[in-house]
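Q: Sequence:
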Amino acid sequence: MASSRLPASEPPFGLLLITDRRAVPAGRTLPEQLALALAIHGPKVGVLFRDKDLEPAARAELGRAVQSAVQGAGARLLVHGSLALARRLNAGGLHVDDSAAGRALLPKAPGGWVLGASCHDAMGLTQAATLGASYATLSPIFPSPGKAAPGDELGLAALAGPHPLPVFALGGIDGANGRDAITAGAKGLATIRAVLAARDPAAAVGSLLECL
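Quick note: the sequence shown uses the working numbering, first residue 172, plus one each step.
Hint data in this document are derived by calculation from the structure and do not stem from the laboratory.
Note that the coordinates shown come from a computational prediction; the quantities given were computed from them, not determined experimentally.
C-beta: ideal position from N, C-alpha, C; glycine also.
Fair warning: there could be bad hints in the mix.
[To be verified] Derived DSSO-like pairs (lysine-lysine); straight-line CA-CA distance at most 27 Å: (1) LYS223 / LYS279; (2) LYS358 / LYS279; (3) LYS215 / LYS358.
[As the list claims (entries may be wrong)] Label pairs and their in silico Cβ distance ranges: (4) ALA355 / GLU226: 37 to 45 Å; (5) ASP371 / PRO214: 14 to 22 Å; (6) PRO196 / ASP224: 14 to 22 Å; (7) ARG259 / GLU381: 29 to 37 Å; (8) PRO183 / ALA231: 22 to 30 Å; (9) THR200 / ALA355: 32 to 40 Å; (10) ARG350 / PRO316: 34 to 42 Å; (11) GLY295 / LYS223: 17 to 25 Å; (12) GLU232 / PRO333: 40 to 48 Å; (13) ALA271 / ASP323: 34 to 42 Å; (14) PRO321 / GLY245: 35 to 43 Å; (15) GLY326 / ALA228: 15 to 23 Å; (16) ARG259 / ASP323: 18 to 26 Å.
Please construct the entire structure, taking both the sequences and the accompanying hints into account.
A: Written as C-alpha cells, this is what we have:
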C-alpha cells in the first residue's frame, strides 16, 4: 500500500540560526537575543533550537521562551534531535544529527515539516536525502571554535555540487565569507556565533542575508 505521508517541505529560508545560549552576550538571555536578531528579517530566517546539553525539563522551558520569540517574529522554528519536543513547541520542523538514532527520526516526522540533517561529507548528504531530509548542513567549512581547528575544516571545495538536496554551509560562517560559500555551491548559510554573540544581532542577520 502506498504511503500517504506528505513529502518534507523545502526550507522557506536561506539563513539558519542555530541556538547556543552560552554564546549570547552577558546581560541578555537567548530569547532576548533572538528577538533582537529577528526583529527586521524574521520571515527570512529559520531558527534551530539546539541547547541539547540541558535536562529535558529545562530544555522544554527554554524552548517555550524561544518559541515565543521566534514565532512572534514570523520565523520558522525547528528543533534538534527530539520529535516529541518539536511537537510540544508546535515547531515547523526537525533537524537530526548523523547518528543512526538521529537519522531514524526523519521518516517518523509529520509530513510537510522542514526536515534537516547534519552532514560532514558527500555520503552523509546522500543518506540524508534518501531518508527524506529537505535540507542539510555541511560542516565545518571554515575553522570554528570547538568544531574545527585551522587545517581540519572541509573548505569551500566541499560545497561544490551537484547536491542531492539543498546544502547550508556551517562552521565559521559570517557576513565576511558567506558570499564565498554561496558562490562555491551552498544553497544557504547556517551560523551560531556570528549572530548570537553579536552586540547588534539584527545587523549581523542583515549582513548574512545580503550574502544570499
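Q: When the hints from earlier in the document are held up against this structure, which numbers fail?
A: 10, 13, 15 and 16
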